[in-house]
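Once you've looked at the hints, dock chain Y against the given chain E.
Chains as they are written, first to last, in the working numbering: chain E, 10 to 634; chain Y, 10 to 634.
Among the clues, some could well be false.
Which copy? The list can't say, so a pair holds if one copy fits it or any two copies do.
[To be verified] Here are the simulated BS3-like pairs of lysine-lysine, each with C-alpha atoms no more than 27 Å apart in a straight line:
1) Lys67 <-> Lys272
2) Lys343 <-> Lys271
3) Lys491 <-> Lys508
4) Lys611 <-> Lys105
5) Lys508 <-> Lys611
To be clear, the hints were calculated from the coordinates, so they are not data collected in a lab.
All values reported here derive from a predicted model rather than from experimental measurement.
Protein chains: 2
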Amino acid sequence: MAVEVSSLIPVLHNIATRLRIDSVRSTTAAGSGHPTSCCSAAEIVAALFFHEMRFDPKHPESPDNDRFVLSKGHAAPILYAAWAEAGLFDRSELLKLRQIDSDLEGHPTPRLPFVDVATGSLGQGICAAIGIALDARRTESDCRTYVLLGDGESAEGSVWEAAEIGQYYRLGNLCAITDVNGLGQSRATLWGHDMEAFARRWSAFGWQAIVVDGHDLAALVDAFAAARRATDRPTMILARTIKGKGISFAEGRNGWHGRPLKKGDEEERALAELEAQFVPVERAADRPAPTLIQAPSRRAQRPAGVRPGSLAAPSYRVGDSIATREAYGNALVKLGEADPRIVVLDADVQNSTYSEKFAQVFAGRFYEHFIAEQAMLGAAMGLASRGAIAFPSTFACFLTRAADFIRMASISNLNVKLCGSHAGVSIGEDGPSQMGLEDLAMMRAQPTMTVLYPCDGVSTERLVEEMAYQPGPAYMRTSRPKTPVIYPAEERFPIGGSKVLRQGPDAAVTVVAAGITVFEALKAYDQLEQAGVAVRVIDAYSVQPIDASTLVASARQTRGRVVTVEDHYVNGGLGDAVAQALAGEGMVVHRLAVREIPRSGKPAELLDRFGISASHIVAAVRQLA
Amino acid sequence: MAVEVSSLIPVLHNIATRLRIDSVRSTTAAGSGHPTSCCSAAEIVAALFFHEMRFDPKHPESPDNDRFVLSKGHAAPILYAAWAEAGLFDRSELLKLRQIDSDLEGHPTPRLPFVDVATGSLGQGICAAIGIALDARRTESDCRTYVLLGDGESAEGSVWEAAEIGQYYRLGNLCAITDVNGLGQSRATLWGHDMEAFARRWSAFGWQAIVVDGHDLAALVDAFAAARRATDRPTMILARTIKGKGISFAEGRNGWHGRPLKKGDEEERALAELEAQFVPVERAADRPAPTLIQAPSRRAQRPAGVRPGSLAAPSYRVGDSIATREAYGNALVKLGEADPRIVVLDADVQNSTYSEKFAQVFAGRFYEHFIAEQAMLGAAMGLASRGAIAFPSTFACFLTRAADFIRMASISNLNVKLCGSHAGVSIGEDGPSQMGLEDLAMMRAQPTMTVLYPCDGVSTERLVEEMAYQPGPAYMRTSRPKTPVIYPAEERFPIGGSKVLRQGPDAAVTVVAAGITVFEALKAYDQLEQAGVAVRVIDAYSVQPIDASTLVASARQTRGRVVTVEDHYVNGGLGDAVAQALAGEGMVVHRLAVREIPRSGKPAELLDRFGISASHIVAAVRQLA
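Pulled out of the complex, with its shape left as it was, chain E reads as follows (with noise of 0.2 Å):
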């Protein structure tokens, strides 16, 4: 039962002061935080949540609501002081953000029932949303999806990727809004006021973009309806507002932004300012009466993390040969059958990650993204964030690409399960650029994150498996050559563990390896075993969390010493990591890793010339030994 716009104008310009009140009053409360970047946002935030959007106020989990993104996360105190206008909890808490004992943070993160991923990294949001608006899609779920950005976020080209993939995707369901206040943190913006040079740009890009005065409400009103007739293309309503808006003495003036309005006299003067700009509005008009329900969507799938049962075993044997980057694709069909939830992205490589093997029997929950790898991790963290279990995959050095985002994800604790092909030199003749030699140091540094770096296709099987259902972010490193298959297809890889492949009583030298120096680390025992020496060899599939427990009790029966080698740069990887489970025993770690910029060349040729092949193995050991 819809109320007359007319008269609700009146009720949400009411409630524009109030989102205004409250972030003046809990910025200065807090001491710090962004009140001039809410009050430009307090018409679009009115309009959005008590007209335009359908969400249950008290069940903001549901997944019927309609969901939305705060891309531009510094503006949280109006996010908070909507919910509660909206009654999820009492105004009061507002005076507690920012504190330690609150869970209302400086920027938005998932510790909050109502926010789905965390921003505060701009241009992250809209990208987040359109893997929202994906899943709804996924799921056949009616609901639709709101972001809102900032101006000066739209210099990020994060932005532009994701208005390619809005556009390719053609998301109808998607409605992002600009708030246009012209100035950023140091400065006025790169286009100020100039609302037809964002509209230039977002009707290049193919979204319907629609220019209105941000605090006019009737006008909002209008364009968020615009932005649901258009059905076939996602809406940027680009909103023209003033920064500070309500408070005189802040309005459209440089040097505000990120400043709390001082206790005392500067609070005041505002907040008197703000308190004569109520308007009297009809008693039965009071209170709006937004948030309705909306029907429930055909959503019948399992909660996330929750593992549908095994899967078969893998149908390799022992002696096969497949690259670990083509087991990870024949693991995702296997996975995609077994669990509707498992999504797939890649940014143009997946005849190279082997993510078209998915693609090709699961077309509905494959993703391309072309070459936007920003864009790939912000959908993928949007689609997780809805109960998908997202597989984004490129080559691992492009991963560096979205580390931002990676970090956010991180944050967010998501099930984004990144995987990232073609590490290290063993990729050969590409070069350099093309070397994943840092993503174990970038992965492992998120201390939410499963590492894992398979050797064999059984391996890599049964860890794309592990990795679907241990809770949050999780990486996968694969490679380009191809390996032997080493394991029986019945073997399991809990996360944690290791395989302890050679050992005997009188070994001298714990050798560590993982993917593709496995080999030569078994090469290097073949040729140290005819000269005599015995050394224990592990494959450390789980880089994090490492199997402590084993490598300790191993590096003690080698009296201390150990060798660890890896296709990756000496910082951050797989030497680390074991150092860091031995750093409380006294013991000697000898790392072999790449230690400067490598080249182009065979892959052999280059193992041996950036000293992690059999041969180094064998003479770090003798070093030891």
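For chain Y alone, kept in the frame of chain E given last:
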């Protein structure tokens, strides 16, 4: 003495054919590579190198040459073929493509004198070209910059960041060309041959957009002339091409990306077809008369890396209080006064990083990049490749946005001097999205990267000078809170050094800290001293290279007991650096670091909550001592 264009066209046509033949022959010889991506660009490269560009083919490094960046780095074989055609080296060298003893690598690197920045990670070359064009303006050089992109590459957001920055700086000296062959690696590109889709976008972003048939040499020559006439904005020439052009069985077909022609029949058929495409030309015009050297520019600067003489000592006095980020800004100004090669870039946080201090004095050498960190890094790479010493600055966490650019800057070994402010949980209330907690891991992973982390104003200023003249990339981590000045102004801080702040013959444990944790370690020292426990405290301001000899000596004195403490996640930072320095010693390293996703709160609360405050150091020492 210009040759008539009309008589040059058949000459250029034959050159294009030779470039195709060389691309086919070299990739077939290598057994890998991207011949079809070269063939689409043959006329573009022929027209550029043998009509449009002004350069000395025997001296590719000459500062007066026009510059060419191959943003689509996988077309490297045609770049090499062009330089062979121009006479820089013998054509027979091309057959060593991708061999370990040849600098003709799979993708271009600055090992070659005609390559300014390594390419091969798509979307970066155009960002670097912006920097090269900015540098030409800085040095008042008339040289022009050309950059060749692929069409698939245009999906990278960094391309649109570059588009914004290029138009903002009105770079009329920059001409980009997109080789629109319609095919990516795995499938058709997002836009195929929809030339208007490209033109709309580039026009909307303020560039002169010119659509041509990319195999029509006369049209290309005209388009380059039109680009020269647009002196107030950059030009994007959108060249419609056919992938594999000239080889009938590969032309415009999917599945030919990154695939050389097979030795034997396949190569022979292709070469026969190409040979048949030569046209007769008048003898006089057989060898074109391009590559005229232009008049020398007004460049008169010291070569990169040469220090103009030591700066005066810092003006801070022991006991003063200043944030290292502010001391960084002050140091930039001093450095800028002493050396005209110093340039500074920021991404709309100049009032947080304090790069604004430099901007206020040297506006002409400060480059605002709004919120576009990738473009900022790319421009820094371009500027550095031409002789500038470039300091791109932003929050440490947002440098992750440009991780792939940092990777490529390392491969290129450029004088890019990064500064990341707001490191760690000590920023306080803004929360995890704004906290740089993986920056040390990211930077340390790059083997050519110097990593510095000063704790006070004096060491910051000294280290800014050190990093400026240390060849290659470097990173400085600065902190948000003010810290006391602890070093006298005359103190020196060589890269690779450290400072032992507290010591005693009976010390039980070595405590290694850096940046903000130095002060926690000093507090812990005082508390422990009162309790009768002596420790050594080391300021490891040079995290990479780290001062292994001092660490080893100190740790031996404390009987192999070491505690590290850092405002960074546990993996990849100071703890790992110290552990690696001590790896051969059989010592016990106890790491204090952030081990989970942090949250908003006051700085002191967070240091304590996340285990890196003085009380945690005291506890760790007591456990070991």
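Against the structure, the hints come out as follows:
no., hint, in the structure
1, Lys67 <-> Lys272, "neither (33 Å within a copy, 69 Å between copies)"
2, Lys343 <-> Lys271, "neither (59 Å within a copy, 34 Å between copies)"
3, Lys491 <-> Lys508, "within (20 Å within a copy, 49 Å between copies)"
4, Lys611 <-> Lys105, "between (60 Å within a copy, 12 Å between copies)"
5, Lys508 <-> Lys611, "neither (29 Å within a copy, 44 Å between copies)"
Of the numbered hints stated above, those contradicted by the structure are hints 1, 2 and 5, listed in ascending order.
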